[in-house]
Amino acid sequence: MAEKLLVNPIDCEGHGACAELLPEAITMDEWGFPIVDPRPLPPGLERNARAAVSACPTLALRLLRS
Amino acid sequence: MTAVTEDATGAATELPRLLPPPENKSAHDLPAHAERHGRLPYRDRPGVLIGDVEAAGLTGRGGAAFPAHRKLKAVLEASDKRRRTPAVIANGAESEPASDKDATLLWLSPHLVLDGLQLAAEAVGADTAILYTHVNRGHDVGARLREALRAREAAGLDRVPVQLATAPARFLSGQETALINHLSGGPAIPTFMPPRITERGLNGVPTLVQNAETLAHLALIARRGPRWFRGVGTDAEPGSMLATVRRADGQPKISEVPLGLPLRDLIGTASPDGAVLIGGYHGTWLTGSEARGLTLDNRSLAQAQARVGAGIVITLPPDRCGLVETASVVRYLALESAGQCGPCLNGLPRIAAALAEIAGGRARPQAVADVQRWSGLVNGRGACHHPDGTVRFVRSALRVFAAEVDRHRKGRCSATVTRPFLPVPRDPARNEKDWT
Chain A
1 MAEKLLVNPI DCEGHGACAE LLPEAITMDE WGFPIVDPRP LPPGLERNAR AAVSACPTLA
61 LRLLRS
Chain B
1 MTAVTEDATG AATELPRLLP PPENKSAHDL PAHAERHGRL PYRDRPGVLI GDVEAAGLTG
61 RGGAAFPAHR KLKAVLEASD KRRRTPAVIA NGAESEPASD KDATLLWLSP HLVLDGLQLA
121 AEAVGADTAI LYTHVNRGHD VGARLREALR AREAAGLDRV PVQLATAPAR FLSGQETALI
181 NHLSGGPAIP TFMPPRITER GLNGVPTLVQ NAETLAHLAL IARRGPRWFR GVGTDAEPGS
241 MLATVRRADG QPKISEVPLG LPLRDLIGTA SPDGAVLIGG YHGTWLTGSE ARGLTLDNRS
301 LAQAQARVGA GIVITLPPDR CGLVETASVV RYLALESAGQ CGPCLNGLPR IAAALAEIAG
361 GRARPQAVAD VQRWSGLVNG RGACHHPDGT VRFVRSALRV FAAEVDRHRK GRCSATVTRP
421 FLPVPRDPAR NEKDWT
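Protein sequences, first through last, are from chains A and B.
Reading the first sequence from the start, the letters are residues 1 to 66 in the numbering used here.
Reading the second sequence from the start, the letters are residues 1 to 436 in the numbering used here.
No wet-lab data here; the hints were simulated from the structure.
Among the hints, erroneous ones may be present.
In silico negatives: residues of chain A with every beta carbon more than 10 Å from chain B [to be verified]:
#1 ALA2
#2 LYS4
#3 PRO9
#4 ILE10
#5 ASP11
#6 GLY14
#7 ASP29
#8 GLY32
#9 ASP37
#10 ARG39
#11 PRO40
#12 PRO42
#13 ARG47
#14 ARG50
#15 ALA55
#16 ARG65
Label pairs and their computed distance ranges (CB to CB) [as the list claims (entries may be wrong)]:
#17 A:TRP31 with B:ALA143: 33 to 39 Å
#18 A:THR58 with B:GLY376: 21 to 27 Å
#19 A:GLU13 with B:ARG70: 34 to 40 Å
Positions of the beta carbon are idealized from the N, C-alpha and C atoms, including for glycine.
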């Protein structure tokens, strides 16, 4: 089943760990906040996506079944 | 009884429906209300009224135009599924400084809104009903509502007791999740969905939030039926709505108009190369000639990427500068950001500052490109739609006032009057406490 990323913009403080671990789907804007690709995650990235979710210091990133 | 005009199919076409007739503006009390609209038609069990609301095609009049019956159904279903008794909230906290329609409705027809609140509470089986309003700038709406509630209590009208609650004087305090947050004991700032309010809202119970005007329409649909409601408006967007219209004198005029009304009937003598703002400070600037070809409904306005919103229609006087007005409003909107989401917190002040540069005629060459880029960066990235609405307003200004941007680059400005036209609260509150 395809999954997609969702960031809670209130909880997010722009630590940037997610963009380091998953540059294929997350880039940083010019203020250091993540721009998350809203499309379903391409196959093969699930492991890195889970790592990015776990690495978020404010638990702002979630992986949802799309 | 007020005389009702009927068209060939027997549907009523007379306006106003919600506001008292112009010749009798003082008739806001319960006897006058009962004489005009008849008794409060309870259905005596949940769910019954929802079919009529669906057949009427009533949509939310707070700005989003969401079908009213879908919210009612969602709350009823969530209540059944989760075995929790729902709450109903009438949202009269129109925070938009340019709008005055909900305050006017609550002042002139408080009992219609309170009728709608009771009927909506019954339709979803709620045991809690709250009317949420601002402390009004002009009239003491709170005093009038307390008086109305006393009269209803004496008459034994209300089956669910109504609590009055006050919204902090902030732009976002009427936003749905901010309202729930505030009434559940927190600050009046937006929260991140999911879950939906219809499932977990006030103190975690399924909650119906409807704009005050939407409830007033619902109270009339309950009395007169869906066909009557559809007697005005378009097939796709039936009924009437309250519009706040501002022309050159700057004074707001509240009109009850049918959906689908030609905009030229509202914008007066706006010149084709003038500008018209539709939908307020989260709305869209149009050129006068665009506006003249459109009607006041979302199907028509979509052609110009505009929306009805909460029914604000403002004609910019030819002696004012649209860029100066836009910069002033965007500064206010940036200050009114709750500051919770990175893109909004960082982007809106930068957009506001660049617009102030452009309006002031000393802009860096890349200022317009910066505004466009930052607009793209904040759009869709907040917990609420504050950044999206602000960007819609900004982008439409850069399009409609493109010639004025060029003039400002050369150090000129077409305004001959510098006094601000669009209303902006003078000292937007800024510290944390102002949200509570």
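Hint check:
1. The non-interface label for A:ALA2 is consistent with chain B: the shortest C-beta to C-beta separation is roughly 19 Å, beyond 10 Å.
2. Listed as outside the interface, A:LYS4 is consistent with that label: its C-beta sits roughly 14 Å from the nearest C-beta of chain B, beyond the 10 Å cut-off.
3. Remark: the non-interface label on A:PRO9 conflicts with the geometry, its nearest Cβ contact in chain B lying 4 Å away (cut-off 10 Å).
4. Remark: the non-interface label on A:ILE10 conflicts with the geometry, its nearest Cβ contact in chain B lying 5 Å away (cut-off 10 Å).
5. With a minimum CB-CB distance of about 7 Å to chain B, A:ASP11 fails to clear the 10 Å threshold, and the non-interface call is violated.
6. With a cut of 10 Å on Cβ distances, A:GLY14 falls inside the contact zone with chain B, its closest approach being about 5 Å.
7. Listed as a non-interface residue, A:ASP29 fails to keep its Cβ farther than 10 Å from every Cβ of chain B; the least gap is roughly 5 Å.
8. Against chain B, the non-interface label of A:GLY32 is violated: not every CB pair exceeds 10 Å, the least being about 7 Å.
9. Residue placement check: A:ASP37 keeps its beta carbon more than 10 Å from all beta carbons of chain B (closest about 13 Å).
10. With a minimum CB-CB distance of about 14 Å to chain B, A:ARG39 clears the 10 Å threshold, and the non-interface call stands.
11. Residue-level check passed: A:PRO40 sits 18 Å from the nearest beta carbon of chain B, beyond 10 Å.
12. Its beta-carbon lying about 21 Å from the closest one in chain B, A:PRO42 satisfies the requirement of being farther than 10 Å from that chain.
13. A:ARG47, annotated as away from the interface, keeps every beta carbon of chain B farther than 10 Å; the closest lies near 26 Å.
14. Look at A:ARG50: its CB is around 21 Å from the nearest CB on chain B, clear of 10 Å, so calling it non-interface holds up.
15. Non-interface status of A:ALA55 relative to chain B is upheld: no Cβ of that chain comes within 10 Å, the nearest being about 18 Å off.
16. Under the 10 Å C-beta cut-off, the non-interface status given to A:ARG65 relative to chain B holds; the minimum distance is some 13 Å.
17. Restraint check, A:TRP31 to B:ALA143: a C-beta distance of roughly 46 Å breaks the suggested window 33 to 39 Å.
18. Between A:THR58 and B:GLY376 the CB atoms are about 25 Å apart, so this pair conforms to the stated range of 21 to 27 Å.
19. Between A:GLU13 and B:ARG70, the C-beta spacing of about 36 Å keeps the proposed range 34 to 40 Å intact.
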